[in-house]
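Engineer: With the hints as your guide, set chain B onto chain A.
Respectively, the protein sequence lines represent chains A and B.
The first sequence maps to residues 95 to 415 in this note's numbering.
The second sequence maps to residues 3 to 438 in this note's numbering.
Derived by calculation from the structure, the hints in this document are not laboratory data.
Possibly wrong hints are sitting among the right ones.
DSS-like, lysine-lysine: derived pairs with alpha carbons at most 27 Å apart [said to hold, decoys possible]:
| no. | chain 1 | residue 1 | chain 2 | residue 2 |
| --- | --- | --- | --- | --- |
| 1 | A | Lys225 | A | Lys183 |
| 2 | B | Lys5 | A | Lys186 |
| 3 | B | Lys5 | A | Lys183 |
| 4 | A | Lys231 | A | Lys183 |
| 5 | B | Lys82 | B | Lys53 |
| 6 | B | Lys5 | A | Lys225 |
| 7 | A | Lys225 | A | Lys293 |
| 8 | A | Lys231 | A | Lys184 |
| 9 | A | Lys184 | A | Lys225 |
| 10 | B | Lys5 | A | Lys184 |
| 11 | A | Lys186 | A | Lys225 |
| 12 | A | Lys293 | A | Lys306 |
| 13 | B | Lys424 | A | Lys183 |
| 14 | A | Lys231 | A | Lys293 |
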Amino acid sequence: MSDQAVVRIDHVTKRFAGHVAVRDLSFDVPRGGIFGLLGPNGAGKSTTIRMIMNVITPDAGRVTVFGRPASRDLSDRIGFLPEERGLYKKMKVLEHLVFFAEIKGLSHRDAARRGEAWLARLGVADWAQHKVEDLSKGMQQKVQFIGALLHEPELVVLDEPFSGLDPVNSQVMRDVVVEIARQGRTVLFSTHIMEQAEKMCDHVVIIARGRKVVDGRLADVRREAGTRHLVLGFADGSRSPAAAAVLQDRTLLARVHDYGASAEAELAPGAAPGRVLAALVGAGVELTRFEVAEPSLHSIFVARVGAEAAVAPASEEVGRA
Amino acid sequence: MHKLFSVVRREFVTRVRTRAYLIGTVLGPLLMAALFILPAALQFRDTGPRKVAIADADPSGLGLRLAASLNAATRGRDRKPLYAVQHVPATGRLEAVRDSLLARTGLSRREDAGGLDGVLVVTDTSLATGTVEYLGSNVGSIADMRMLENRVQPVLLRERLQRAGVDSATIASAAQPVTLATRRVAGGKVTAQSGEASFFLAYVMDFVLYLALILYGVQVMTSVVEEKSSRIMEVLVSSLSPFQMMLGKVLGVGAAGLLQIGIWAVAATAVTTYGVQIARVFGADLAPDALGGIPSFTPDLLAVFLLFFVAGFLLYSALYAAVGAMCNSTQETQQASSPVTLLIMAGLISMFALLGEPNGTLARTLSLVPFVAPFVTPIRYALAPLGLGELLLSLASTVAGMLVITWLASRIYRVGILAYGKRPTLPELLRWLRTA
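With the rest of the complex left out, here is chain A (with noise of 0.2 Å):
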């Protein structure tokens, strides 16, 4: 085993009633930089996380923690935000944090300490004593999510961390997220956004109806993609039938994700780049941009897991019931 696995997904199966949420799973999370968890709506993830949290646990396989089979008491050395979030209402902010604090094991006065100086440093020192109902939903995420972080865990655990949050906040949080990773602690977070995972992770996994389809630091996922990927752009108004013709044109290009404005395009195999130049051009089609490069996460997501899995059964919900 490597010892530099911070978790360990060995061959772990989950079912719900009349599904099943994870087939047959198995990863590794790198010690140390951030992990992404992907993949679409009902994919698993959740339920993934859940059993590293050992909020409920596989039917097969094993989930292993720190090289020790997950267990509560390895809770004081994981922070969790689940996707779920849920905090007391009645409670005060500041005391809430220190409730969250203590019950990993911080001392009253440490947790309130380190409570007050995260809440200023996300701005909301002024709500430290207000009740948490008085909170605007995106103030109680970040509570939550400075909860999840006040015992400097070695692991950070972030279900969908920035789902809902205004583009101000969502990049507060990440910049945490990335200080805690140069620190040398690990982030596991999950998302079904591309965007995100491809501007902050070092590794990604990519999960489908329960099924790992890609697994590897990101440089390498993207540079194993191929670098038979076209990025281009159109200019105003110049998008013509005949365009269009090149673009479905399968003999040139195998996939293309056509963003209107923009678009990415696989080469098809045996087609050249400059094949493709020169039918656009022949098509009257004025272009902005022409490059071949690795491509996104987001064809690559696309391309891997497919279409039909972007609209899998929310299995998830079905397996809270």
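Structural biologist: Chain B only, in chain A's frame:
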């Protein structure tokens, strides 16, 4: 231990700080004072003498003697008259006299208006049949009617005896009232406690337990449901063991409850000790023993009561916690908790079953049933001597029951707190118990 303590403190602090708790703590004693003092104060309130007219159609002078007896009746230290009696001879014209008196009955009670509270009708058959008719506006007052009856009866009795030829000295001595003075016997020794006081004590003990379970056991349940519905449960579950969560909750809520009940107990002691003085503030002049007085707890009784109180509270709170874990909303708990409430009611009712025979077979059996023993055994201890062996056996069975129930409840809790959706059926519940 540190974690458990933070759970206990969180429960305690958030509970004690609520407005409802504050209001309950203050209003409780006020309500208690009102319950104790107001009825007494109202009953003994100085409402002035009752104005009664006697329509006397008996030629022998029975009406006159009744009037004299009623006029002589007084109450309180300053001997205020109870009745202002007007004697109206009505021999031969009873109907007319009665009707004219009735016309004044229930009218304004001001002195000058000549209004009456009622008319006592005495006929020549009254003595023989023992029937005296009273027509009044105050017949709805049980206290008034009992007082009047108590006044009328001796007069008629005396009259009958006199007619039978008994001399007045004998009658006077026969009319001496008889009082049954009761004293409780405990451990072969006579205590200073009267019979009523023993019953009262038993009643208070059971009612306090009942109140604690209904008020605070239910709070344990709603608190579990709140954690489930606010989805805070996942953070808790990943940091605390279900047992820590459940025990912390029960202890925290229990401490808040005990504090409130303690405050009430102090207030109750004050009310019963200084009740007469307090009542005087309301304008009522009570005899020193008018409130009966709460008999004092002996230290050993207090110890027994507290032991069973704690065991009972833990047992029922664990049950409530399990019910809370099964439900998703407060509305659901109302239905789901009814079996627990029924058990509590059974405990309370069993008190009445054993008052008559505190050492009977039923009482002995109930003392061994964990669900009702907390209600039964302290009362038995208070009412009649209970052997040490039997006491320990009852305590042991209660504690054992508590442990088993807590264990079972924590298994239901463990599964239930993460189960959302439909409330489990009984077979599902049994599966939870096995799989937890």
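Engineer: None of the hints should be skipped; say for each whether it holds.
Structural biologist: A quick look at each hint next to the structure:
1. A/Lys225 with A/Lys183: holds (7 Å)
2. B/Lys5 with A/Lys186: holds (19 Å)
3. B/Lys5 with A/Lys183: holds (21 Å)
4. A/Lys231 with A/Lys183: OK: A/Lys231 and A/Lys183 at ~12 Å, within 27 Å.
5. B/Lys82 with B/Lys53: holds (14 Å)
6. B/Lys5 with A/Lys225: holds (23 Å)
7. A/Lys225 with A/Lys293: Violated, at about 35 Å.
8. A/Lys231 with A/Lys184: Holds, at about 15 Å.
9. A/Lys184 with A/Lys225: It holds: about 6 Å lies between the C-alpha atoms, which stays within 27 Å.
10. B/Lys5 with A/Lys184: Answer holds: B/Lys5 to A/Lys184 is near 20 Å, not above 27 Å.
11. A/Lys186 with A/Lys225: holds (4 Å)
12. A/Lys293 with A/Lys306: At roughly 21 Å apart (the allowed maximum being 27 Å), A/Lys306 and A/Lys293 satisfy the hint.
13. B/Lys424 with A/Lys183: Holds, at roughly 25 Å.
14. A/Lys231 with A/Lys293: With Cα atoms ~25 Å apart, A/Lys231 and A/Lys293 stay inside 27 Å; holds.
In summary, the structure is inconsistent with hint 7 from the numbered list given earlier, while agreeing with all the others.
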